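Make the full structure from the sequences, and use the hints.
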Amino acid sequence: MILEVDDLRIHYATQGGTVRAVDGASFAVPEGKIVGLVGESGCGKTTAVRAIMGVLSENGRRAGGRIAFKGRVVDEAATKQLLWRDIAYVPQSAMNSLDPVYTVGRQIAEVLTKRGGRSAAAAKARAIELFDLVGLSDRRLGDYPHQFSGGMRQRAAIAMALALEPSLLLADEPVTALDVIVQRQVLDTLRDLQQRLRLSMVMVTHDISVVAYLCDEVVVMYAGQVVESGPVREVLARPRHPYTMGLRNAFPDLLSDALELVPIYGGPPDLGATLDGCRFAPRCPFAQDSCRAGTAALADAAAESHRSACRRDNEADQLRAAAMDPATWQHS
Amino acid sequence: MAALVELRDVSKHFPVARTLGELARGQHPVVRALDGVSFDIGAGDAVAIVGESGCGKTTLGRLMLKLAEPTGGSISFEGGELARLSGDKLKVFRRQAQLVFQNPFDSLNPRFTIYRAVAEPLRNAGVPTRQHAERVADAFRRVHLPDLERYLDRYPHQLSGGQLQRVVLARALVLEPRFLVADEPVSMLDVSVRAGILALMREVREAMGLTAVYISHDLALVRYLCERTIVMYLGGVVEDGPTDEIVRRPRHPYTRALVAAVPVPDPDQPRAPLPIHGNVPDAREPPSGCSFRDRCPHAMPRCAAEKPLLRVTGKGHYTACHLDL
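Line by line, the protein sequences give chains A and B. Using the numbering used here, read the first sequence as starting at 1 and increasing by one per residue. Using the numbering used here, read the second sequence as starting at 1001 and increasing by one per residue.
Keep in mind the hints are simulated off the structure, nothing from the lab. This structure is a prediction, so every number in the text was calculated from the model and none was measured. Take the hints with a grain of salt, since some may be wrong.
What follows is a list of derived Cβ distance ranges for each label pair [to be verified]:
| hint | chain 1 | residue 1 | chain 2 | residue 2 | range |
| --- | --- | --- | --- | --- | --- |
| 1 | A | G142 | B | Q1027 | 21 to 31 Å |
| 2 | A | G142 | B | D1153 | 51 to 61 Å |
| 3 | B | S1160 | A | R106 | 37 to 47 Å |
| 4 | B | R1130 | A | N96 | 43 to 53 Å |
| 5 | B | Y1155 | A | D99 | 50 to 60 Å |
| 6 | A | T176 | B | G1314 | 25 to 35 Å |
In silico negatives: residues of chain A with every beta carbon more than 12 Å from chain B [to be verified]:
| hint | residue |
| --- | --- |
| 7 | E31 |
| 8 | K70 |
| 9 | G71 |
| 10 | E76 |
| 11 | L82 |
| 12 | S93 |
| 13 | N96 |
| 14 | R115 |
| 15 | A120 |
| 16 | Q195 |
| 17 | G267 |
| 18 | G277 |
| 19 | Q288 |
| 20 | S305 |
Cβ-to-Cβ under 7 Å is the rule here; a few derived chain A residues that face chain B [to be verified]:
| hint | residue |
| --- | --- |
| 21 | M95 |
| 22 | P252 |
| 23 | L261 |
We put the CB at the ideal spot given by N, CA and C, even for glycine.
This is the structure in structure tokens:
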């Protein structure tokens, strides 16, 4: 495992009190694999990734848990040391990581000289190499970010992230803002790079079809916790947690025969409140009294390290069959 | 059924900043946001307009609601040309045609209560105040926001995204329009909530007999809303047909690329490699002839010389391509 996250807890201090944005999340990234961290807004996926990089916003702090990179435990200060050289970041909107007043080439060179200690000449050569790697013409190194299209900016952000040859890439919704054809081009580039450079990658996304296309493993988050994880094929084809089942039903599928999308009624809980029991129980069609009383730990299910945090996991096959019927999700 | 909305050779050209050379030569460069768009929308139909950013779909929606004027061609609503509408006729049109905005978080005034937000179109249309409460209540019932009293005095920030989108829809429906244009109506919503809003839009449309245009970049999503889909590329319509056909047997090489690019949530469905390369060209300098030809794997000399027009390529299916489809 290149990255291990155990029982991570991140708290934000807000006017309304403490918000437990990540509340006991555990997952691991195997060497050379792409892991999709998937969930809806507010589930804690972005916060978890920011914590791994040590760049939480000012009111956020690590309130517990352990993060280990290549077997070495890293605290908040140590994490910052790893940034760029070992762990690099690709944001959703590359405009946020590119400065509009400098040329793109200069910004990449700066990472190489200031953080990588390279000479100006070496940095220039490496910048050309990096642009070539992500499919950009080196003639565009002298351009400003605004002269780039959305897809080109995203490629430039990937080039910059790869500058110092990190082994782990954290990408936060890197293709969400892009048009579908450009999105596909960037995803193909990411996969190609991951294979050629033997990168490990965490891909934060709300889009399970992006996970299905790109990722080897998936970690599903809900309300600050991991509810299910395992190999993508296994989790999407045979989800064990009712939230994953619901997400699958609600997600548009260009090729499916179903002509209806099934919503999950209600919304996620307020993470500023004290929460007892399973957090999905209020929306879950299969919830029983015991689900409201106590949580379920993420436990190994049948095979292939497929894990689910559901009290009724031993009935997962029956629940999955019932979940296929839209009537199951009808609000009473 | 008779057409409710008719577009004939509609163009919208935006002037752009001129270079010194262009200034000196007296040239007036334009971006052709739309160029020669013609189609009809039947009363009661739900039509999707899909395409990538910059294809002109949002501009087209604005023109159909007379929120902007075309620079060429004509748009009619119930046989009356929009450009000629004025006075009372324009007021009637404004009541009958409504827009549902993309982002519910931005489209409601944060200082207005929910009641005021939904009642505002009534006030603007001159509906007597004594009718407002009942009309607002009707609109709320239509969008399934129960416990009316719970919401009316609240402010937008106190509602969830899904509730807000219902409020936005209620506001669009409060004047009981006949024609609705929704621009990316669910793109800001979470997956689990989005499905409910889509089902609601379908239900409302059927219940009220509305004619609706859904503008979206997401082909996978419009499948659940519309039986007909219009695909746009660089300001023009490239394909127009039954959604199911467009998805399962796309004719135009651009539509084929679009369909191939859409990711699906099933890892066991193999996705074909993307059949095209490159990016959408600059709308200031589109290629001659077919605007897609510089990226098209099947381009031939004729494509540069002659702009392909929409022609019949199936039942209710039209494609603008010179290929033998």
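We went through each hint and held it up to the structure:
Against the hinted window of 21 to 31 Å, the Cβ-Cβ separation of G142 (chain A) and Q1027 (chain B) comes to about 27 Å, which satisfies the hint. Separated by about 57 Å at the C-beta atoms, G142 (chain A) and D1153 (chain B) satisfy the suggested range of 51 to 61 Å. Judged by the Cβ atoms, the range 37 to 47 Å given for S1160 (chain B) and R106 (chain A) holds: they are separated by roughly 44 Å. At about 51 Å, the beta-carbon gap between R1130 (chain B) and N96 (chain A) stays in the expected band of 43 to 53 Å.
Taken as a hint, the range 50 to 60 Å is violated for the pair Y1155 (chain B) and D99 (chain A), whose Cβ atoms sit roughly 37 Å apart. The beta-carbon spacing between T176 (chain A) and G1314 (chain B), approximately 34 Å, falls within the hinted interval of 25 to 35 Å. Annotated as non-interface, E31 (chain A) keeps its C-beta farther than 12 Å from every C-beta of chain B; the closest such distance is 21 Å. For K70 (chain A), the non-interface assignment is confirmed: its Cβ lies about 28 Å from the closest Cβ of chain B, beyond the 12 Å cut-off.
Interface exclusion of G71 (chain A) from chain B stands, the closest Cβ pair being 30 Å apart, more than 12 Å. E76 (chain A), annotated as away from the interface, keeps every beta carbon of chain B farther than 12 Å; the closest lies near 30 Å. No beta-carbon of chain B comes within 12 Å of the beta-carbon of L82 (chain A); the shortest separation is about 31 Å. At roughly 14 Å, the least C-beta separation between S93 (chain A) and chain B is larger than 12 Å, which holds for a residue marked as non-interface.
Distance to chain B confirms N96 (chain A) as a non-interface residue, since its nearest Cβ pair spans about 19 Å, more than 12 Å. At the 12 Å boundary, the C-beta of R115 (chain A) stays outside the reach of chain B, the nearest C-beta of that chain being 31 Å off. For A120 (chain A), the condition that its CB be more than 12 Å from all CB atoms of chain B holds, with the nearest at approximately 31 Å. Annotated as non-interface, Q195 (chain A) keeps its C-beta farther than 12 Å from every C-beta of chain B; the closest such distance is 15 Å.
A cut-off of 12 Å between C-beta atoms contradicts the statement that G267 (chain A) is not in contact with chain B; the least separation is 5 Å. With a closest Cβ-Cβ approach of about 19 Å to chain B, G277 (chain A) is found to remain outside the 12 Å limit, as its non-interface label requires. Taking the minimum C-beta to C-beta distance to chain B, about 21 Å, the non-interface status of Q288 (chain A) holds against the 12 Å cut. With a least CB separation of 17 Å from chain B, S305 (chain A) remains clear of the 12 Å interface cut-off, as annotated.
The interface hint given for M95 (chain A) is violated, since its Cβ lies 15 Å from the closest Cβ of chain B, which is over the 7 Å cut-off. Below 7 Å, beta-carbon pairs count as interface contacts, and P252 (chain A) has one with chain B at about 4 Å; its hint therefore holds. Against a cut-off of 7 Å between C-beta atoms, the interface hint on L261 (chain A) holds, since the closest Cβ of chain B lies about 4 Å away.
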